[in-house]
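Quick note on the working numbering: the sequence shown kicks off at 2 and runs consecutively.
No lab work stands behind these hints: they were computed from the structure. Since we're looking at a predicted model, the values are computed, not measured. Careful, some of the hints might be misleading.
Derived CB-CB ranges, DEER-like [as the list claims (entries may be wrong)]:
no.	residue 1	residue 2	range
1	Gln-309	Phe-26	24 to 34 Å
2	Asp-206	Leu-7	43 to 53 Å
3	Ala-312	Pro-5	38 to 48 Å
4	Ala-117	Ser-4	45 to 55 Å
5	Leu-63	Gly-268	18 to 28 Å
6	Ser-4	Thr-391	29 to 39 Å
7	Glu-21	Arg-260	43 to 53 Å
8	Thr-358	Ala-312	35 to 45 Å
No residue lacks a Cβ here, since even glycine has one placed at the ideal position from N, Cα and C.
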Amino acid sequence: MISPVLPTYNRADIAFERGEGPYLFDEKGVRYLDFGSGIAVSALGHAHPHLVEALREQAGKLWHTSNLYRVPGQEKLARRLIEASFADTVFFANSGAEAVECAIKMARRYHYASGAPERFRLVTFEGAFHGRTLATIAAGGSAKYLEGFGPKADGFDQVPWGDFDAAVQATGPATAGILVEPIQGEVGVRVPPANFLRRLREFCDARGLLLVLDEVQTGIGRTGRLFAYEETGITPDIMAVGKGIGGGFPLGACLATERAAKGMTPGSHGSTYGGNPLAMAAGNAVMDEILKPEFMEHVRAISGYMQQNLAALAAEHPSVIAEVRGRGLLLGLRLHVPAAAFMAHLRESRLLSVGATENVVRLLPPLNIEEQHVKEALTALSSACAAFETERKAV
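Please build the complete structure, drawing on both the sequences and the hints.
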């Protein structure tokens, strides 16, 4: 008999009742250190006082009106995102996948408005994860996500990750742009080759293409900058963000230059719930914290401390940890031992992590963690490494 909740997830047998900062508490009151953050979503941890108060205040006023009317919170959040980025305009959605959908439509619509409707294809990269809608699974190209859902949506040409020459070769008269993550998260925290994004930017400029970034996982401070593209010296034409922007409240956004958005006229796109007053209260509260000058300095400092200690742990346990990957607080451990079993051991030690392909365990803590939390996580990680080394010696 099928379960009341559609069984599309392999869930751990834990149910959490409340959260506090970087900790979650299950139904029995057992405390876990959350280094998964709901898959890089809870950027400020759980029950952050400012977020709680912002939502409480807004919930007592107004939840929803639709986008048939002005939403002042949208105007405020859009201005703040524009002032802190390359963008001139913002569309608000409910998730990262919806933000990517908007970005795809915007790239196609740009060329339509420019008199070249035949230019609708996007070059994408193997291993990418752009969401679970029919268009975004086609953009990602993963066979396991496409299986059983009929013909793959047309318009996407995958090339190997980090292969600039392949991206050039895949470009033709029907190409509208290039869609890329600054760091691939779901496939194992893969950082691109040096100057890769810069070369893509230069190529797009030379060919009249749009550069579309998917910063759903990397954005909103996750890599130590507000957006990961800031480290590369380039700017995109269109960018999708999600996850951390709502601090746990469903929220996504598609940012764009005025030029790239020229085809998005009234009626060309929309969302019933997107950018409603509750979501905007959450998004603005997150930005209140993240835009503080000292916030990103702290993320970079704590990331450096964490990466240094993870490197030392890998050197101490080379038979268990093959590689430490990532930037900021988007980190991954590629393992010699089964990642699923390693994560299970971490849960027994009350540390939560997130899996990825390439036998990688992702560590995605809240951005406002302190050294004491890193030390606590390292204790659990060290215990797991030691346990697997003991098992190997016993075989």
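For each hint, the structure was consulted:
Gln-309 and Phe-26 have their C-beta atoms about 30 Å apart, which keeps the hinted 24 to 34 Å range intact. For Asp-206 and Leu-7, the hinted distance range of 43 to 53 Å is satisfied, since their beta carbons lie about 45 Å from each other. Checked against the given bound of 38 to 48 Å, the beta carbons of Ala-312 and Pro-5, roughly 45 Å apart, stay inside it. Between Ala-117 and Ser-4 the beta carbons are some 49 Å apart, a value that agrees with the proposed interval 45 to 55 Å.
A C-beta distance of roughly 25 Å is found between Leu-63 and Gly-268, which places it inside the suggested range of 18 to 28 Å. Between Ser-4 and Thr-391, the C-beta spacing of about 37 Å keeps the proposed range 29 to 39 Å intact. The given range of 43 to 53 Å is respected by Glu-21 and Arg-260, whose C-beta atoms sit roughly 45 Å from each other. Separated by about 22 Å at the C-beta atoms, Thr-358 and Ala-312 break the suggested range of 35 to 45 Å.
Violated hint for the displayed structure: number 8, the only one.
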